[in-house]
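> Given these sequences and hints, build the entire structure.
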Amino acid sequence: MPLRVRLAVVMAAVALFLCLAPASPARAAEPDAVTLNFVNADIDGVVKSIADITGKNFALDPRVKGTVNIVSARPMPRALVYEVFLSALRLQGFAAVEENGLVKIVPEGDAKLQSGPTFGPQDRPGSNRSGARGDEIQTRVFVLRYESAAQMVPVLRPLIAPNNVVNAYPNSNTLVITDYASNLRRIEKIIDSIDQPNGNGPVVIPLSYASALDVAQTVSRLFGDTAQAGGAADAMQRMVVIPDARSNSLLVRSDNPSRLSQLRAVIASLDSPTNSVGNIHVVYLKNAEAVRVAETLRAIYLGEGGGGGGNGARATSASALTSSAPASAVSTAGGAAQSPATTPLNLSYGPSGSNGSSGSASSSLSSGMIQADPSTNSIIINAPDAIYNSLRAALDKLDVRRAQVYVEALIAEVTADRAAELGVQWQDLSGVPSTTGQARGFGGTNFGTASQNILGIAANPAGAGAGLNIGVIKGTVTLPGVGPVLNLGLLVRALESDNNANILSTPTLLTLDNEEARIVIGQNVPFITGQYALSGAATTPTPFQTVERRDVGLTLRIKPQISQGGTVRLQLYQEVSSVQDTTNVAGVITNKRSIESTVLVDDGQIIVIGGLIQDTVKDGTDKVPVMGDLPLIGGLFRYSTRSRSKTNLMVFLRPTVLRDAARADPLTGDRYDYILGEQKKTQPGQSSVLINVPTPTLPSAPAPAPAGAAAAVPPAVPPAQPATR
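Under our numbering, the final residue of the sequence shown carries the number 725; numbering is consecutive throughout.
Among the hints, a few may not be true.
[Unchecked claim] Cβ pair distances, simulated, as ranges:
1) Val693 / Pro374: 31 to 37 Å
2) Arg642 / Glu596: 36 to 42 Å
3) Asp513 / Gly224: 19 to 25 Å
4) Gly587 / Val693: 38 to 44 Å
5) Val176 / Arg221: 41 to 47 Å
6) Val203 / Ser148: 30 to 36 Å
7) Ser172 / Asp42: 43 to 49 Å
8) Ala661 / Ala419: 52 to 58 Å
9) Ser148 / Met650: 28 to 34 Å
Honestly, the hints are just simulated from the structure, not real lab data.
From the three backbone atoms N, C-alpha and C, an ideal C-beta is built for every residue, glycine too.
As structure tokens, this is what we get:
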């Protein structure tokens, strides 16, 4: 047999022996089982051993120090070594974060800052698909569908390690939790159990006799006080009762079925018919005026319903209403016409077939009444339940808090007046007739009024007008019928004036919606409208004058109406007047600027409602014909005046809607602080000679009162202080 063949046979025999021979137990367990025994072993050495066994790369934080104890009585699979190591780290207060093939071992409090595994709602770390280990730090995002994320935080916080976090994001109703994977699986089950739909939905309880509005107030007060006594933190005690006036029913929601059963029993007891046909109900109003609301409720039913004539008259249905008088005079049961504000409205009702001639007792029972009590601001309604429910539904919609409107009117007036005068006048009085009667010549130029022309100044030098006046005097001359005057031969006048005015008025007014308000700031000026007097007669009666007084100053009258979108419709009248001249023989002359209009303005916006821009230029020349037109010397025979007057007047408006006290307080406080500061500026300084008299000032503005507390009312006038020297 060749050598090559013999070697092949031997190798095949050895291979067959090795395959059939039984394996040693120790060698079979070596590659898949590991026995760990670390007693007070330094954590650095343990990490090196775990790295050799698992083949992972580790990085230790410098703060990771200490010893580890791991004891295994029997070999464990190599795949469980890393999980046992993570559990040992967790017991020592350390955590491992794996990223990109590197395991970082850090203190547990810093593990949430590392970029560890993060899972959203679509991921399920609880399943084995993600390969999550129980002692591995992870971040989970839970989206809640029914419960509030913010309310879940106090429930889950005690179940999470102190060094890990749980946060709520209210905008998307989500929870973000960073913790160990094993604990996150437990928290996921807790959240799934709590985040369930509430099976106790709203319940509709219809009423047959009682008013849903009245019953809702009664049961809300009763069961609301019970919930407060039982503890406000108990969610099972919560109950919400909302009345629906249109269907006369109650909408109830409660998490406690037993309390809902109690509520049904109470409502069934209250919803029972009364013994009498008519009921007297007293409704106290909170915002509206009782007298006006009573008139409105009467007007709802005036002219409705049917009542026949004669003794056989009767109502055709239980809700038929009749009125035997117009709105201006509603008849009572006694037959006397009274004012609608205090007169009951006759309402005929009752079952079909009732006879109207059954006597005064039945007549008084079948008459309804709507009346206002101004002293308590309440409405008294005497009507059956069906009619009362309809009236009460309308009454609650009318009795609402009305918004207010704060209106600022900005009146800006800027005027500029400029004028100039320049002229030369001359005269020769040497030709005035002498005492001998001999005639002499006379001549000259004369322009303007008595305070401007040469003759007026010669007769009265003290009456010369303002400006530059230069003249040449040659003694005095006696004029026939006038007397001695200055012999003023030449007068040169020059004047330039410049007047500017800048006036800003800001009247403000606060009023209720749809209520007219008016403010007047000015004087009450008398105007003579007639007089009577006789003179020269034998009998002279007592003379007299008739005077009419009128307001002169600033007047603002508004009536706002607020629309649903916040736009304000304003009916307004604005007037600014002043006295110009009181010396006129015909009477007082006044300046008046007024605007009357209806405008639409957005809340808080400024709008111009009117104005005037006027520019007036006047150029006048008085001259001697021909001579005044000559070049150069023509100025000796000419008197020139020139003026320009420019007026800019604009009226602006800014309304501010105040729907509650929170919106009104900043405006009031701002104006209050402003006037208080102005008063303090006018305080006189201390003087050692004059009397030190304290000036009156407003008290300091009180601090805002907390919600539900009554605000302190400051004294109207501060206490007087004695004067000191």
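> Decide, hint by hint, whether the structure agrees.
Do the hints match the structure? See the list:
For the hinted restraint 31 to 37 Å between Val693 and Pro374, the CB-CB distance of approximately 46 Å leaves it violated. A beta carbon spacing of about 37 Å between Arg642 and Glu596 agrees with the range 36 to 42 Å that was offered as a hint. Separation of Asp513 from Gly224 is about 32 Å and departs from the stated range, judged on CB atoms against 19 to 25 Å. At roughly 42 Å, the beta carbons of Gly587 and Val693 sit within the given window of 38 to 44 Å.
About 42 Å separates the C-beta atoms of Val176 and Arg221, a value consistent with the hinted range of 41 to 47 Å. Between Val203 and Ser148 the C-beta distance comes to about 23 Å, which lies outside the given range of 30 to 36 Å. Between Ser172 and Asp42 the CB atoms are about 47 Å apart, so this pair conforms to the stated range of 43 to 49 Å. Checked against the hint of 52 to 58 Å, the pair Ala661 and Ala419 passes, with Cβ atoms roughly 55 Å apart.
Between Ser148 and Met650 the Cβ separation comes to about 55 Å, which falls outside the hinted range of 28 to 34 Å.
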